[in-house]
Amino acid sequence: MTSKAQILSAVRRTPLPLRELPPHAGPWLTFADRAGQFATSLASVGGVCLAARDVAAIRAALETLPQITAAKKVCSPLPELGVGNVSLPDVATPHDLEDVDVAIVPGEFAVAENGAVWVNARGLKHRAILFLVQHLVLVVRGDAVVNTMHEAYARLEFAEPGFGVFISGPSKTADIEQSLVIGAHGPRSHTVFLLEAAP
Amino acid sequence: MTPSTPTQHPDLAAKFVADEDRMHWHDQALWFVRLKRDKMARALPEWEELRERAAAIKAHTMSRLADYLEQFEAQATRCGAQVHWARDAAEHNAIVLSILQAHGVTRVVKSKSMLTEECHLNPCLEQQGIEVVDTDLGERIVQLAGQPPSHIVLPAIHLKKEDIGALFHQHLQTEAGASDPKYLTEAARQHLREKFLNAQAGITGVNFAIAETGGFVVCTNEGNADLGVSLPRLHIACMGIEKLIPRAADLGVFLRLLARSATGQPITTYSSHFHGPAPGGELHVVLVDNGRSGILASDDFRRSLNCIRCGACMNTCPVYRRSGGYSYNATIPGPIGSILSPTRDAQAYASLPSACSLCGSCTDVCPVKIDLHHQLLTWRGELRKRGLLPWSKRLAMWGLGWLMQHPRLYNFAGRMARWVVPCLPRGLIYNRMNAWGRQRELPAMPKHSFRELYSKRHDQ
Numbered sequence: 000m001t002s003k004a005q006i007l008s009a010v011r012r013t014p015l016p017l018r019e020l021p022p023h024a025g026p027w028l029t030f031a032d033r034a035g036q037f038a039t040s041l042a043s044v045g046g047v048c049l050a051a052r053d054v055a056a057i058r059a060a061l062e063t064l065p066q067i068t069a070a071k072k073v074c075s076p077l078p079e080l081g082v083g084n085v086s087l088p089d090v091a092t093p094h095d096l097e098d099v100d101v102a103i104v105p106g107e108f109a110v111a112e113n114g115a116v117w118v119n120a121r122g123l124k125h126r127a128i129l130f131l132v133q134h135l136v137l138v139v140r141g142d143a144v145v146n147t148m149h150e151a152y153a154r155l156e157f158a159e160p161g162f163g164v165f166i167s168g169p170s171k172t173a174d175i176e177q178s179l180v181i182g183a184h185g186p187r188s189h190t191v192f193l194l195e196a197a198p
Numbered sequence: 000m001t002p003s004t005p006t007q008h009p010d011l012a013a014k015f016v017a018d019e020d021r022m023h024w025h026d027q028a029l030w031f032v033r034l035k036r037d038k039m040a041r042a043l044p045e046w047e048e049l050r051e052r053a054a055a056i057k058a059h060t061m062s063r064l065a066d067y068l069e070q071f072e073a074q075a076t077r078c079g080a081q082v083h084w085a086r087d088a089a090e091h092n093a094i095v096l097s098i099l100q101a102h103g104v105t106r107v108v109k110s111k112s113m114l115t116e117e118c119h120l121n122p123c124l125e126q127q128g129i130e131v132v133d134t135d136l137g138e139r140i141v142q143l144a145g146q147p148p149s150h151i152v153l154p155a156i157h158l159k160k161e162d163i164g165a166l167f168h169q170h171l172q173t174e175a176g177a178s179d180p181k182y183l184t185e186a187a188r189q190h191l192r193e194k195f196l197n198a199q200a201g202i203t204g205v206n207f208a209i210a211e212t213g214g215f216v217v218c219t220n221e222g223n224a225d226l227g228v229s230l231p232r233l234h235i236a237c238m239g240i241e242k243l244i245p246r247a248a249d250l251g252v253f254l255r256l257l258a259r260s261a262t263g264q265p266i267t268t269y270s271s272h273f274h275g276p277a278p279g280g281e282l283h284v285v286l287v288d289n290g291r292s293g294i295l296a297s298d299d300f301r302r303s304l305n306c307i308r309c310g311a312c313m314n315t316c317p318v319y320r321r322s323g324g325y326s327y328n329a330t331i332p333g334p335i336g337s338i339l340s341p342t343r344d345a346q347a348y349a350s351l352p353s354a355c356s357l358c359g360s361c362t363d364v365c366p367v368k369i370d371l372h373h374q375l376l377t378w379r380g381e382l383r384k385r386g387l388l389p390w391s392k393r394l395a396m397w398g399l400g401w402l403m404q405h406p407r408l409y410n411f412a413g414r415m416a417r418w419v420v421p422c423l424p425r426g427l428i429y430n431r432m433n434a435w436g437r438q439r440e441l442p443a444m445p446k447h448s449f450r451e452l453y454s455k456r457h458d459q
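So the protein lines, in turn, are chains A and B. Numbering that gives the first Met the number 0 numbers the first residue of the first sequence as 0 and each following residue consecutively. Numbering that gives the first Met the number 0 numbers the first residue of the second sequence as 0 and each following residue consecutively.
No lab work stands behind these hints: they were computed from the structure. Be careful, since some hints might not be right.
Unchecked claim - Pairs of lysine-lysine residues, derived as DSS-like cross-links and limited to a Cα-Cα distance of at most 27 Å, are as follows:
hint	chain 1	residue 1	chain 2	residue 2
1	B	194	A	71
2	B	38	B	194
3	B	194	A	124
4	A	72	B	194
5	B	35	B	160
6	A	72	B	181
7	B	181	B	14
8	B	35	B	159
9	B	181	A	71
Please put together the full structure from these sequences, using the hints given.
Here's what the structure looks like:
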C-alpha cells in the first residue's frame, strides 16, 4: 500500500459525523471612509498612503520622495508613469534585480481594515522584484478599497495557476527583544498611491 | 520523535527560574505581546463571531479530511505542483532529501516551518552535505546559537539583545559589544541576502492549504519565505495534513485572526498565495501525517488539530511565560504543546499536562476556540489511567481522594491541621516533601473552616 493510501485509510478509520460548513456572509465591519481607514491602517504598519488625482500627480509626488530621487535603478512596469530605467521583460534572471532600488507596481485593490494591497504577479516576469527591492511603491485605484478580508476574497478567483500576495507595509521584524525594525529582508519603505481617476 | 530523556517540566523550569531577573524579563516580553493581541481583538466587534466561524470551518474540515486531502492533491496537481505523501518524519525527510539530490542541490534556504522542526529535517540534510540556512531572523539567531526555537512565532524570545550581539560578533563579524536591534538586523539582512542569492532551493512551511483551489498560503513579516522561493527555481513546501481548509474564501476568517492573535498586527506583512510553481520553476508539496491521523481518531484530543500556530496560548500562559519554551523539551511548547506532545509519547511528556494551573486563559485567547485547559485536564486523567504519574503524586491523590470520601474524617483532619500546623517547627513544614512550600509561605491558618463559618452565618 502506498503512503498516500495508508494515510487516507488512517484518516478514514474513524468515521466522524459531518459538521456543517459555515457560510461566508457575516456581520462584518464596514467603514464610512474606506480610503481614509486604509491610510490609517497602512500608517499603523509602517507604510505611507498618498492620494493622487492622476498619473501626473503620482509622477510629481515621486519626485519629492527622497528614497526615489536618490535611486539609481528604478523598475516600473507601469508604462503610463514614464519612469524607470530597468525593464523587467529584458532581465534574464531575478538575481539580476538585486541592486534595483525602487519598484513601482500596480496593486489590484486595497483592504481598509489592515492596510493590505493585493498584488497579482501575472504581469510581472519576476515576482522576486516585490521582495528584493529596497523601496516598493504600489499604485491602486482609489475606488478599489474594500472593507475587510471577506470582501477581498469575494473579489479573488484562483482558477488559473499563479502567484498573488497581500502586502501590508514594509518588510519588518521584531525578533530581537520585540524591538520593531523596518527593513528585515525585503523593502525598507512601502508607499501606496490611491489613484482617483482610472489610470 | 522520542526525546532521549523523559522531560520533567519542573526540573527544566527550575533552571530557567533560577535567573530571576531574566524570568521576569521573559514574562514581561510575552505579556507585552498578549496586550497587543487584546487591543486588536477588542477593535473588532465581530471577534467572537470570527472565532466561532474558524472553529466551525476546522471542525467541518476534520470531519471530511480525507476527501479534502484528495481534492487538494487533484487541484494542486492541476496547478502544476507535485504532491508527495509522508507517513512519518523519516519519510518526510527522505522525500525532501531525494528531491534536493535529484536537482544536485547543496545550498537551501528555509523559512519558518514548525513541521520541519518536528521532523528534524535540518540535521538530516546537513548529514548529507546540504547547507540549510534558516532565514527568519529569529530562527537564524537560534540556528547560529545551536538551539531549537523556544517559541513557535518568536523563536529567539528567550535571548537578550546582548546575547544576540555576541552571537553575531562571533558569526557575522559585527562589532564587539554592539547590541542595537537595528544594527544587528541590518547585519543579518546583508548576511542572508547573500544566502538568498546563492540558494539553489527554497523550503517553506504552509499556513493554510486550500482544497478547492490546490493552492496554499504562507504568512511572514520579513518577506524571507518569498525571497527564498522566488530566486531559486525549486520550491518545496512541507505541511501537516491538518493545515487544510475547504475554500479560498475561508482565508477571510483565518487571516483576520492569525496575526491579530499572534503579534497584535492586523495582518502579516506578506500573505503569499501559491498556486503552482513559478514560471519555469518546480513546486513540490509534501503532506505529512506523523501522528496526526491518530490524534484525529481521538474524541478527546481531536480539536488540538485545529491549531493555526499563532502562539497566543503561549503568550498568555502564566507557566510558559515564567518557565520558558525549553522547559517543555518539545518542538511545540506551551499549552498546545502540552496536549500534542503526550500524544506522541505519553511517558516522556507525562509532566507537561501538569505544567498548568488550569486558569483557562489559553482557551480564552485561542482564535480557533480549542478548549485547551479542558484537554490538559483530560490528559491528567488519561495519564493516571495509564499509570504514568509519579508515585508521590499517585499516593497524594489516592490519600486525598480517600479523605474526601469521608467527610467526618476530613473535618477532623482540617481542625487538627489548623491547630497543629502553626505550632510545628519550620523544618517539619518546609522540607522536601512540600514542593509547594519551596518558593512560598503557606497561608496563615484560619481559626474556622468554611463549613463552620457557613453554618454559623446560617444559624444567625
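Now the hints, each set against the structure:
Straight-line distance between C-alpha atoms of residue 194 of chain B and residue 71 of chain A comes to about 24 Å, which keeps the hinted pair within the 27 Å bound. Distance hint between residue 38 of chain B and residue 194 of chain B is unfulfilled; the C-alpha atoms sit about 37 Å from each other, more than 27 Å. As the CA atoms of residue 194 of chain B and residue 124 of chain A are separated by approximately 22 Å, the hinted pair is consistent with the 27 Å bound. A hinted pair counts as satisfied when its Cα atoms are at most 27 Å apart, and residue 72 of chain A with residue 194 of chain B qualifies at roughly 22 Å.
Our distance criterion of 27 Å between C-alpha atoms is met by residue 35 of chain B and residue 160 of chain B, whose separation comes to about 21 Å. Only pairs whose Cα atoms come within 27 Å are accepted, and residue 72 of chain A paired with residue 181 of chain B is accepted, the gap being roughly 25 Å. This hinted pair does not check out: residue 181 of chain B and residue 14 of chain B have alpha carbons roughly 31 Å apart, beyond 27 Å. With a CA separation close to 20 Å, the supplied pair residue 35 of chain B and residue 159 of chain B stays within the 27 Å bound.
Only pairs whose Cα atoms come within 27 Å are accepted, and residue 181 of chain B paired with residue 71 of chain A is accepted, the gap being roughly 25 Å.
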